[in-house]
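For the protein sequence lines, the chains are A and B, in the order given. Under this note's numbering, the residue at position 395 of the first sequence is numbered 395, and the numbers go up by one with no gaps. Going from the second sequence to this note's numbering is simple: count from 1 and add 446.
Don't take every hint at face value.
Have a look at the derived ranges for each label pair, beta carbon to beta carbon [to be verified]:
#	chain 1	residue 1	chain 2	residue 2	range
1	B	Leu602	A	Glu135	17 to 27 Å
2	B	Ala559	A	Asp167	52 to 62 Å
3	A	Asp202	B	His692	51 to 61 Å
4	A	Phe65	B	Phe896	21 to 31 Å
Calculated Cβ distances over 10 Å to all of chain B for the following chain A residues [said to hold, decoys possible]:
#	residue
5	Gly51
6	Gly92
7	Ala327
Honestly, the hints are just simulated from the structure, not real lab data. No residue lacks a Cβ here, since even glycine has one placed at the ideal position from N, Cα and C.
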Amino acid sequence: MEEHIVIIGNGISGVTTARHIRKASDKKITIISAETDHFFSRTALMYIYMGHMKYEHTKPYEDYFWKKNRINLKRAFVETVDHENKQLLLSGGEKMSYDKLVLAVGSKPNKFGWPGQDLDGVQGLYSKQDLDKLEANAPDNKTCKRAVVVGGGLIGIEMVEMLLTRDIPVTFLVRENSFWNGVLPQGESEMINRHITSHHVDLRLGFNLDSILADDNGKVRAVTIKETGEEIACNVVGLTAGVSPNVAFLKDSGIELGRGIKVNPMLETNIKDIYAIGDCAEQHEGINGRRPIEAVWYTGRMMGEALAQTLTGNPTAYNPGHWFNSAKFMDIEYQTYGWVFSKPKDGNTHFHWMHKDDNKCITIEMQEGTRKFVGINNFGIRLRHELFDRWLTEERTTDYVLEHLKDANFDPEFYSHYEKDILDAYNAAYGTSLAPKKKSWKRIFA
Amino acid sequence: MKIIKNLGLVIFITGLAIWTASIFMGDFTLQQEQLDSFISEKGIKSELVAQKISDNVVGKKLGTFAFTGAVRDALAQNNDYYDAQIAKYDAAKEWDKKGEQYQYRINDKDFQAFSFSLAKKAGTGFIVENKGLMWFLTFGLGILGALMFIFPNLVLLGKPGIKNDHVYHEAATNRGWIAWLVLVYLVLFYLVLYFNADYVVNWTFILDPISNALNGGDASQWFVYGFLYCVIMITMAVRMYIKYRHNKYQIVRTTSVLFFQIVFAFLIPEIMASLGKPGYDFKNAFPLDYDFFFEWNLQSLTESGGLGIFILVWGVVLTLVIVPVMVYFFGKRWYCSWVCGCGGLAETLGDPYRQHSNKSMKAWKLERWLIHSVLVFSLVMTLVTLYCYFTGAEAFLGINSQWIKDTYSFLIGAWFAGVIGTGFYPIFGNRVWCRFGCPLAAYLGFVQRFKSRFRITTNGGQCISCGNCSTYCEQGIDVRAYAQKGENIVRSSCVGCGVCSAVCPRGVLKLENGPEAGRINPTQVLLGNDVDLMDYVNNKEAS
């Protein structure tokens, strides 16, 4: 009898684990989800509301895929984990035994105890259910005359963009005095501020939510702002002040919890045969300077890949390589490779270039003196992942990176190029006299 | 802005309504002299035909359908009579007499052409007398209304960038009632154009002045089709320019298909025809140009002196050398989405429907069976045709040359490429023909898949599996399936429209022509994790 591996959560982490276990073994695999029958791309939820896609399009695998690959799908909510008997209690009283358990239960939107945070019309944007709720709460600008989005992060700006497509006026309440400036350097953050405002969003920087007010029916009617006491009438409040691991149901399970489920680099919890991956996993210490909890699509996927190896007889630690990420702020695409901090780390400095159209810029973090390349943020220009990954491994200097920037350009053909502009600015800042080298396929495939 | 848009829609629909209604307008009065000259021009041997048409039609003032119906009726009566004669002589075993009767029959397939030609002579009334005004009320209003509908998008779509908002909320682009209505209209249009052109002879009157100016002759239904094709492509290209104004690849590509349609497919053949030369579309490569090796074309080319021979050589070189060499360097996109007329219509008129191509594995399987069958069909047909052309035989390999040509023209040329290929845009997507039927696309696909520098590169591990690329792939390729594995997309069906790259929110996809080495990279594990799991898997298999 093959070992039964049960995975709770059908997001990118859980599904990646299941797929890679199947590639390497014949183990019995069950994925349990209370959210949807099938895996879908959470990052694509916004496009359903905006009408770019339907829910079906967000499913990366056709429905027959699961049966063909003998991955059992179970639609249920897990109430408790009984690790002594290796058993799960599911909603409705059903029980399920496991040999190995993978917790890939994701996150839930943060709520910070605001008065009125559970009113009708207040919601986050994380799950399929949240999307359905938004469709009901804000189908058009007659039902929802104004929305207030609280929290200036990636989900916040997505929610703003979504609501704008239905011509709903939006107030965007951001605690920081510039958008996402805990992550983005000032020049970039300010460019995004201007971009948001240019979409006719009522962007309020440096303001906190005080309370959410109800009408007679228990529905949202307004929010108040802490600093000014101002009352903003609205019908929908989007809470997008970050997410935290969805671990409430494990409180009494005996599994060690911090903010998330505590794991070691092997992704093992304190209980034998129970593992945690993705958004809900919390490393005892961040790996390679990363945060202990990484709620990012890519890291969820990488953890899934690593854990699947462990579970199929090839013990593999989660050992992510160079950091990378991407996002899109309305019309401006963003990618990052390596580390760029909002303020340069000690001993580092930033080189910042911005195009005059106010839609493109880059910031490079490098060591002072040696100008060793540490990382790059690029906005409005696409760059080649594999090349930057290699340059980081090879510990190239910024001089080298910028000279060879044409190799890394990943914009569609015929797009304008900015390598020379960037180098001119760099030469002026550092007294160098570098010239861009012509693109070379040899170097790209070296 | 919205007011202008809505007003534009009203004007467009008015133009379309007048265009449609014009079929029923005007009268047809055939004079005896017109009939006589037609009969002698055509060398019609049956006196009965002339008699019957004369009885049914001449001197009467008839509407479109009454007129064409009466002509077709006359032809049918003629055939009935001679069928009876044939049966009679057959029974009497008078073979010579029986044989003589056949020359008096009119081929059933020629009824519409016969009726069309007579109608073209007999037309009178408002349209014939007011061609300029009618042009304005149809084409004029249509173009004006469409542009008024399209131009406000410059403001309404907001800042430059991908704006597919509400594609799946609107009845026109979400297979709603508007889409079905458009489908019915397009299908009817093609059925009329291909099989019942005599019903729409009024349309040709509207374009007679332009046709006369271009080639010195009156407009045929094919002139109407060619002109309409260009007008629709230009108008919808304006829409493309606005929608993708941030994306230079789309702008250059749209300009290219537009240029090749207007100059190569439309103007040059018209001008050649006006000079008494065979009207040839120099970009239309065999086997998409399936009748290139038909006897009538070979005959016409060999009889047209140096130019004819040049076209003959060009056509062969285009298919055997230029097309594959270009596909090697640039992928089949250089043809399918930069040059081809079918592709041009798909990329302009069809762009609002690109999301409807089916992405399922089943559809892919069907695609491979269908498109390769059509390729084989076209090659067998050509083989038979050429054999019969050179030997004078009627059949080769037991296949009758005329039969296979007729069958292909009917099934593939008319039904698949036209009625289904374009008519089904609003429901099945804009590349139905290119994906499932085009034999040239199948041929280019082989080259692209096995010997080309073209690929869509996946940008390392940046894919978030959102599905925009797959949704908006007009060729039904599940782009995401590759991108989320970090694999380059090397698929024979990809026409390189570049929209997957355009709609990707994370900058993951790039169309490029790079070295062949490393083009296909079947990695199963993405960049990001430091363990090289492929090495692990390979080592395990080796041990």
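A quick look at each hint next to the structure:
For the hinted restraint 17 to 27 Å between B:Leu602 and A:Glu135, the CB-CB distance of approximately 23 Å keeps it satisfied. At about 54 Å, the beta-carbon gap between B:Ala559 and A:Asp167 stays in the expected band of 52 to 62 Å. The beta-carbon spacing between A:Asp202 and B:His692, approximately 26 Å, falls outside the hinted interval of 51 to 61 Å. About 28 Å separates the C-beta atoms of A:Phe65 and B:Phe896, a value consistent with the hinted range of 21 to 31 Å.
For A:Gly51, the requirement that its beta carbon stay farther than 10 Å from each beta carbon of chain B is not met, with the minimum near 4 Å. Distance check on A:Gly92: its Cβ is at least 31 Å (rounded) from any Cβ of chain B, clearing the 10 Å threshold; non-interface status holds. Distance to chain B contradicts A:Ala327 as a non-interface residue, since its nearest Cβ pair spans about 8 Å, not more than 10 Å.
This entry does not satisfy hints 3, 5, 7, going by the numbered hints stated previously.
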